[in-house]
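Engineer: Sequence:
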Amino acid sequence: MNQTAPATLRSRLWWPSAAALTIAAAALGATLLLPRLFSDPVGVDPYVLRLTGVAIALAFVALVWSRFATVRPILLAVAAMTAAFSVFAGGPQWIENISGSRFDFNTQVLFASAAEALLTAVVAVLAVRTSPSTLRPLLRLRRFGPTALIATIVGVAVFVAVVMLLPATLLGREGIAPVALARDLPLQGPASVLQSFAQELQFRGLILGALDRVAPPWAANLGQAAFFGLAHIAVVYQGPGAAFVPVTIVLGFVLGWVTQRTGSLWPAIVIHAVADIAVTVGVIPGLYGY
Numbered sequence: 048m049n050q051t052a053p054a055t056l057r058s059r060l061w062w063p064s065a066a067a068l069t070i071a072a073a074a075l076g077a078t079l080l081l082p083r084l085f086s087d088p089v090g091v092d093p094y095v096l097r098l099t100g101v102a103i104a105l106a107f108v109a110l111v112w113s114r115f116a117t118v119r120p121i122l123l124a125v126a127a128m129t130a131a132f133s134v135f136a137g138g139p140q141w142i143e144n145i146s147g148s149r150f151d152f153n154t155q156v157l158f159a160s161a162a163e164a165l166l167t168a169v170v171a172v173l174a175v176r177t178s179p180s181t182l183r184p185l186l187r188l189r190r191f192g193p194t195a196l197i198a199t200i201v202g203v204a205v206f207v208a209v210v211m212l213l214p215a216t217l218l219g220r221e222g223i224a225p226v227a228l229a230r231d232l233p234l235q236g237p238a239s240v241l242q243s244f245a246q247e248l249q250f251r252g253l254i255l256g257a258l259d260r261v262a263p264p265w266a267a268n269l270g271q272a273a274f275f276g277l278a279h280i281a282v283v284y285q286g287p288g289a290a291f292v293p294v295t296i297v298l299g300f301v302l303g304w305v306t307q308r309t310g311s312l313w314p315a316i317v318i319h320a321v322a323d324i325a326v327t328v329g330v331i332p333g334l335y336g337y
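In this text, residue positions in the sequence shown follow the numbering used here: the first is 48, and each later residue adds one.
Treat the hints as calculated values from the structure; they're not laboratory data. Be aware that one or more of the hints could be misleading.
Estimated spans, in silico, between C-beta atoms of each pair [unchecked claim]:
(1) Leu-165 <-> Val-203: 21 to 29 Å
(2) Asp-151 <-> Ala-266: 23 to 31 Å
(3) Thr-181 <-> Ile-145: 42 to 50 Å
(4) Asn-144 <-> Pro-233: 19 to 27 Å
(5) Glu-143 <-> Val-203: 16 to 24 Å
(6) Ala-116 <-> Arg-189: 19 to 27 Å
None of these values were measured; they are calculated from a predicted model. Each residue gets a CB set at the ideal place from its N, CA and C atoms; glycine is no exception.
Make a model of the complete structure from these sequences and hints.
Structural biologist: See below:
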C-alpha cells in the first residue's frame with residue numbers, strides 16, 4: 048500500500064507545506080525574540096504562552112479555512128509542540144497552586160509530563176481525523192517489527208557508548224551525588240519517557256509524517272530536524288546548554304532517518320528517552336550547578 052501521495056500531487060503540495068513550516072517557525076521566532084529587543088530578558092510572562100497562542104491561531108485558521116487543508120497537519124503539529132510544552136512548563140506551578148505542598152517537584156514534573164503526552168496524542172488524533180486522506184500524517188505507531196527492534200538496540204548501544212567515551216567534564220557528569228540520582232531517577236525517568244513520547248509524536252510523527260506525504264524523504268527529514276533544533280533553541284537550550292543545539296539537530300535527523308527506514312516511531316521514542324534520561328541526570332545538573 049502506497050503511503051505517500053502520487054508524484055504529481057507531491058510536487059504540487061511540497062511548497063505549501065514547506066512554506067507553512069517556515070512561516071510558523073518565523074512567527075514563533077518573532078514572538079519569542081522581539082520582546083527581547085526591547086529589554087525584556089525573559090520574553091513573555093511566561094513567554095511560552097505567547098508562542099502557544101501564535102501556534103493555536105495558525106492551527107485554528109487551518110481548521111476553519113478550507114484553503115489551508117493541505118497544510119493542516121503541519122500547523123497542527125506546531126500547535127501540538129508549543130501547547131504541549133506550555134502545559135509541561137507551567138504544569139508544576141499549576142499543580143503546586145492547586146495542591147499546595149502535597150507533591151514534591153519531581154512528582155509535579157511527572158504529572159506535567161503525562162499531561163504533555165496526553166495533549167500531544169489528542170492533537171495527533173485531531174490531525175489524522177481532519178486531514179485529507181492523502182495528507183494524513185504517517186504516525187507510524189502500529190508497527191514494531193524485527194528491523195525496528197534491531198534499530199532500537201543498536202541505537203541505544205551507540206548512544207551509551209558515545210556518552211561514555213566523551214570527557215566527563217564536557218558532559219557535566221562530575222559532581223553528581225549518587226544520593227541525588229537515587230532520589231530523582233524513579234520519578235524523572237518515567238517523566239523523561241513521557242516527554243520523549245510527546246516530542247517524538249510531535250516531530251517524527253506529526254511533522255515528519257506530514258512532510259513525508261508531500262516531499263522526498265531526505266527533504267522531509269531535513270525539515271523536521273531543523274525545526275526540532277529551532278524549537279530547542281527557543282524553549283530549552285539557552286545559556287550553557289546552547290552548545291547542545293547542533294547536537295539536537297543531528298540527533299533529530301538521525302531519529303528521523305531511523306523512523307523512515309524502520310517504518311516505526313518506537314525506536315526513536317526509546318532512543319530519545321535514553322538520551323533525555325542521560326541529559327536530565329548527568330548533563331543539565333553539571334552544566335547549571337544543581
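Engineer: Please write out, lowest number first, the hints stated earlier that are contradicted by the structure.
Structural biologist: 2 and 5
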